[in-house]
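Novice: Sequences are here, hints too, so could you generate the full structure?
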Amino acid sequence: MTPSLIALSMIAGIILIASVVGFYAGARHKMDLEQWTVGGRGFGLVLVWLLMAGEVYTTFTFLGASGWAYSRGGPALYILAYMPLAYVISFFILPPIWEVGRKYRLQTQADFFQIRYGSKALSAFVALVGVVFIIPYLQLQLVGLGIIVEVSSFGGIHRTPAMIFAFAIVAAFVFTSGVRGIAWVSVIKDFLLLFAAVFIGIAVPYMYFGGIGKMFAAVIHARPAHLVLPGATKNLGQTWFISTVLLTSFGFYMWPQGFGSSFTAKSSDTLRRNAVVMPLYGITMPLMLFVGLSAMLVLPNLSNGDLSLLTIVRKSFPAWLLGLIGGAGALTAMVPAAIQMLTAATLFAKNLWRPIFAPTMSDQQVATLARITVLVITAIALIFAVYSSVTIVSLLLLGYAGVTQFFPGVVLGLFSKRVNGPAVFSGIIAGISAVTFLMLTRRDPWMGWNAGFVGLCLNFAVVATVTVVLPRRASEDTNFFAAKVSSI
Amino acid sequence: MKRPTLGAIFFGLVPFVAVCFSVSLWDRIHPIILGLPFNFFWLILWMLLTPLCLCAAYRMEVHSGNISPAKKEIH
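Same order as they appear, the protein sequences are chains A and B.
Letter by letter, the first sequence follows residues 267 to 754 in my numbering.
Letter by letter, the second sequence follows residues 890 to 964 in my numbering.
It should be emphasised that the hints constitute simulated quantities derived from the structure, not laboratory data.
The structure displayed is predicted, hence computed values, not measured ones.
Please note that the accuracy of each hint is not assured.
What the hints assert, rightly or not - Derived pair list, reagent style PhoX-like, types lysine-lysine, alpha-carbon separation capped at 25 Å: (1) LYS683/A x LYS891/B; (2) LYS369/A x LYS891/B; (3) LYS369/A x LYS532/A; (4) LYS891/B x LYS532/A.
Specialist: If you want it as structure tokens, here you go:
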């Protein structure tokens with residue numbers, strides 16, 4: 267057997283085992299909309315932890331982080347900073363979101379806006395923005411899968427057919443297993459990723475430099491400026507760092523899928539205790555950066571930093587190990603991608619299509635429409651993935667610039683009685699417009715600031731202004747959550 | 890919704906100051922600690938210290954009666 271055949275069959279085997287587990291775990295439960303999207307709201311600490319870790323540790327962790335350490339250097343440090351902070355935010359906001367979710371039987375993020383602000387238009391708009399900005403995140407997983415197959419086949423299989431094939435599997439997986447199957451596949455994926463990350467993160471610096479400390483000594487000797495901000499870039503300095511860390515830690519649970527996964531928990535205390543321990547799980551992130559930095563010295567001429575981790579693995583280890591690590595990587599792309607597809611499809615069918623175009627649809631029809639939507643959204647992400655060449659981290663930051671615009675509406679909605687629907691609506695529009703303008707005119711970062719963060723500041727300012735300007739309605743003080751339960 | 894106590898918010902802010910706002914103080918290579926450049930060492934250290942801050946925030950919330958103390962959960 268050739269090395270590429272060995273590696274590829276390892277990857278296929280891992281995907282097959284994971285899919286069987288997913289189908290089996292999903293098949294044991296009757297699949298109505300509530301079971302498919304929030305697992306019947308009965309997940310304890312362990313399953314919630316796995317599900318949340320499952321969607322957090324994605325291709326971005328595996329290939330993107332090492333890729334940025336390779337190509338950008340210092341700016342990749344933002345990844346180590348924002349993760350613990352994201353859990354600090356979640357400690358404060360997820361438990362109350364869960365309380366609202368249980369009280370009004372919410373399934374999606376847009377449901378939350380509907381209940382809090384009593385506006386179908388706002389809720390549909392939130393669903394639309396959520397779906398649009400999940401697409402770059404899905405695209406990122408696709409690019410990752412394509413890279414894995416491309417590198418593992420030693421360039422024999424082109425990235426495009428690999429991506430199409432991989433996502434057919436993910437879509438099939440989403441169709442049949444729903445959120446419960448995905449949570450169990452996360453178990454396999456987390457063990458494999460943990461093994462792969464610790465192994466590569468220690469072995470690669472050891473093989474080429476004699477240890478992590480010696481690897482750093484070599485980088486400091488060769489390119490000391492690479493290790494501090496702005497690294498190999500011109501415009502990602504300390505201002506960019508602060509604004510990006512704030513944007514991404516605020517936005518972490520504004521992803522519709524992260525927001526939605528909090529509804530799967532059994533109690534709000536599950537979420538709070540989860541937040542306390544989650545930062546420890548991030549300990550694999552620095553290891554990924556070490557691999558990227560090692561690759562920078564060992565393989566200095568790669569066309570794309572995102573290739574660095576797998577290329578150095580291929581250079582250093584036997585084919586079966588490349589296959590095992592590639593398989594772990596494939597699952598870290600598939601599991602989050604499955605959750606993202608599921609969320610985007612549910613949002614589209616339940617919060618955008620039904621209320622606006624077909625109010626008479628039954629839950630069963632919504633579930634069917636959601637499954638069709640899975641295919642459409644995947645196809646769109648696939649087209650973008652084939653035709654663009656943006657780095658994995660840049661795709662993630664693009665998504666963050668969009669979804670973090672929900673943050674004012676969520677946080678003020680939870681803790682302030684005053685804030686109202688029109689204020690939040692105009693805030694999101696202002697934020698998204700600013701982000702779109704700055705990005706399309708290539709002004710990200712803008713005067714050193716992350717464009718998404720500029721949009722967020724504008725968003726907050728607009729929400730505050732409109733809230734103060736609009737007359738206070740008498741009902742708002744007593745009716746904190748609008749309680750239009752019948753329409754959910 | 891009940892707002893978190895000031896004490897809990899204080900402990901939540903500590904990691905923000907440590908790894909975000911103070912970047913100009915720690916973003917440098919020297920001193921090298923445990924073989925790591927200082928910025929890497931500092932951020933990894935705070936991955937370990939953040940759970941401690943959140944533990945403290947948790948206790949503040951329990952103490953104030955905002956949340957009832959953790960019950961044993963059955964899976």
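Novice: None of the hints should be skipped; say for each whether it holds.
Specialist: Now for the hints, and whether the structure bears them out:
1. Restraint check for LYS683/A and LYS891/B: satisfied, since their Cα atoms lie roughly 11 Å apart, inside the 25 Å limit.
2. Using a Cα cut-off of 25 Å, the hinted pair LYS369/A and LYS891/B holds, with the two alpha carbons roughly 15 Å apart.
3. Among the hinted pairs, LYS369/A with LYS532/A is consistent with the structure: their alpha-carbon atoms are about 13 Å apart, no more than 25 Å.
4. A threshold of 25 Å between alpha carbons decides the hint, and for LYS891/B with LYS532/A the separation of about 20 Å falls inside it, so the pair holds.
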